[in-house]
Amino acid sequence: MQCNLRSVQQKELDILREIHKVCERNGLDYWLDGGTILGAVRHGGFIPWDDDIDLAMRREDLPRFIEAAQRELPEWLYVQTPETDPTRLPMVKIRDTNSFLVEPTDDFTQSYPKGLFVDIFPFEPYPNVSKAFCRRITKGYCTANGVLHAKHYYSLRSVVELPWFSLKRLFYRAVWSLACKLKGMGNHYGNTLDTNGYGIFHRNADIFPTTTILFEGEEFRAPANPQAYARNIYGDDFMQLPPTDKRKVHAVFYATRLDESAL
Numbered sequence: 007m008q009c010n011l012r013s014v015q016q017k018e019l020d021i022l023r024e025i026h027k028v029c030e031r032n033g034l035d036y037w038l039d040g041g042t043i044l045g046a047v048r049h050g051g052f053i054p055w056d057d058d059i060d061l062a063m064r065r066e067d068l069p070r071f072i073e074a075a076q077r078e079l080p081e082w083l084y085v086q087t088p089e090t091d092p093t094r095l096p097m098v099k100i101r102d103t104n105s106f107l108v109e110p111t112d113d114f115t116q117s118y119p120k121g122l123f124v125d126i127f128p129f130e131p132y133p134n135v136s137k138a139f140c141r142r143i144t145k146g147y148c149t150a151n152g153v154l155h156a157k158h159y160y161s162l163r164s165v166v167e168l169p170w171f172s173l174k175r176l177f178y179r180a181v182w183s184l185a186c187k188l189k190g191m192g193n194h195y196g197n198t199l200d201t202n203g204y205g206i207f208h209r210n211a212d213i214f215p216t217t218t219i220l221f222e223g224e225e226f227r228a229p230a231n232p233q234a235y236a237r238n239i240y241g242d243d244f245m246q247l248p249p250t251d252k253r254k255v256h257a258v259f260y261a262t263r264l265d266e267s268a269l
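Position in the sequence shown (first residue = 1) + 6 = my numbering.
It should be emphasised that the hints constitute simulated quantities derived from the structure, not laboratory data.
We put the CB at the ideal spot given by N, CA and C, even for glycine.
Errors might be hidden in some of the hints.
Label pairs and their computed distance ranges (CB to CB) [said to hold, decoys possible]:
hint : residue 1 : residue 2 : range
1    : VAL255    : PHE114    : 16 to 26 Å
2    : GLU167    : ASP112    : 34 to 44 Å
3    : THR216    : ASP243    : 24 to 34 Å
4    : GLY223    : ASP243    : 25 to 35 Å
5    : ALA156    : PRO215    : 31 to 41 Å
6    : SER13     : ALA180    : 39 to 49 Å
7    : LEU168    : ARG31     : 36 to 46 Å
8    : ASP243    : ARG141    : 14 to 24 Å
9    : HIS155    : MET191    : 24 to 34 Å
10   : SER13     : LEU173    : 42 to 52 Å
Work the whole structure out from these sequences, hints included.
Set out below in structure tokens:
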């Protein structure tokens with residue numbers, strides 16, 4: 007059974023409400039990220055063709071959030087982490103257990119829940135480097151990391167590929183660590199190295215202290231300067247709608263309910 011996009015968005019909004027409650031009760035900060043903050047700024051809610059919600063949180067706050075979420079979220083929500091289920095990215099997904107979603111990267115040999123979800127990306131301080139340097143290092147690292155976490159079969163190519171990309175990943179990680187030590191920290195924030203293939207980072211003043219923004223008629227946490235934050239991700243023309251052929255969704259199939267009454 008496939009459902010309409012708006013019902014997917016409503017279900018994800020339900021998940022966001024529960025995440026917000028947990029953060030409010032436990033004094034945890036988060037903010038709308040990616041296409042979600044763009045949607046809030048440009049549309050006052052979801053981008054009309056978007057099918058996911060992206061949040062960000064300080065990396066050091068994630069363990070406390072995970073503990074609180076596992077304890078306080080309602081039973082219909084599942085906290086998926088790299089420790090609970092196989093994933094190559096150190097991020098958290100809060101999944102609805104009574105729905106079903108298929109993305110191109112899903113691994114059906116693994117048993118992790120595949121319901122609708124909200125992503126929470128860990129953010130950390132960045133070194134004071136140029137955007138070009140950041141893009142080069144993060145893209146190189148994430149490319150190598152992606153190859154190493156992809157499925158491999160016994161072949162001559164894999165024999166050569168795995169050591170080569172292992173060395174590349176080590177190299178980019180070492181260069182990044184060196185930049186953190188030599189260039190100083192504290193002026194910028196961004197995704198952890200593993201989750202930043204686009205090399206995007208933000209000025210601290212554009213994120214902190216977080217504020218609130220209306221999203222689908224309700225207030226949620228947002229970066230201090232939502233417009234600057236969105237511009238930094240999507241460019242100066244972020245308020246312009248993209249061409250129709252560029253308006254893509256992430257999933258290839260979804261069902262918002264799995265119980266018998268939905269069939």
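Evaluation of the provided hints:
1. VAL255 x PHE114: 16 to 26 Å: holds (20 Å)
2. GLU167 x ASP112: 34 to 44 Å: Because 23 Å falls outside the window, the suggested range is violated.
3. THR216 x ASP243: 24 to 34 Å: Because 25 Å falls inside the window, the suggested range holds.
4. GLY223 x ASP243: 25 to 35 Å: holds (27 Å)
5. ALA156 x PRO215: 31 to 41 Å: Since the Cβ atoms of ALA156 and PRO215 sit about 40 Å apart, the hinted range of 31 to 41 Å holds.
6. SER13 x ALA180: 39 to 49 Å: holds (47 Å)
7. LEU168 x ARG31: 36 to 46 Å: holds (45 Å)
8. ASP243 x ARG141: 14 to 24 Å: For ASP243 and ARG141 the Cβ distance comes to about 19 Å; the hint holds.
9. HIS155 x MET191: 24 to 34 Å: At roughly 27 Å between Cβ atoms, MET191 and HIS155 fall inside 24 to 34 Å, so the hint holds.
10. SER13 x LEU173: 42 to 52 Å: Distance hint for SER13, LEU173 holds at roughly 47 Å.
Hint 2 alone, counting from the list given before, is not met by this structure.
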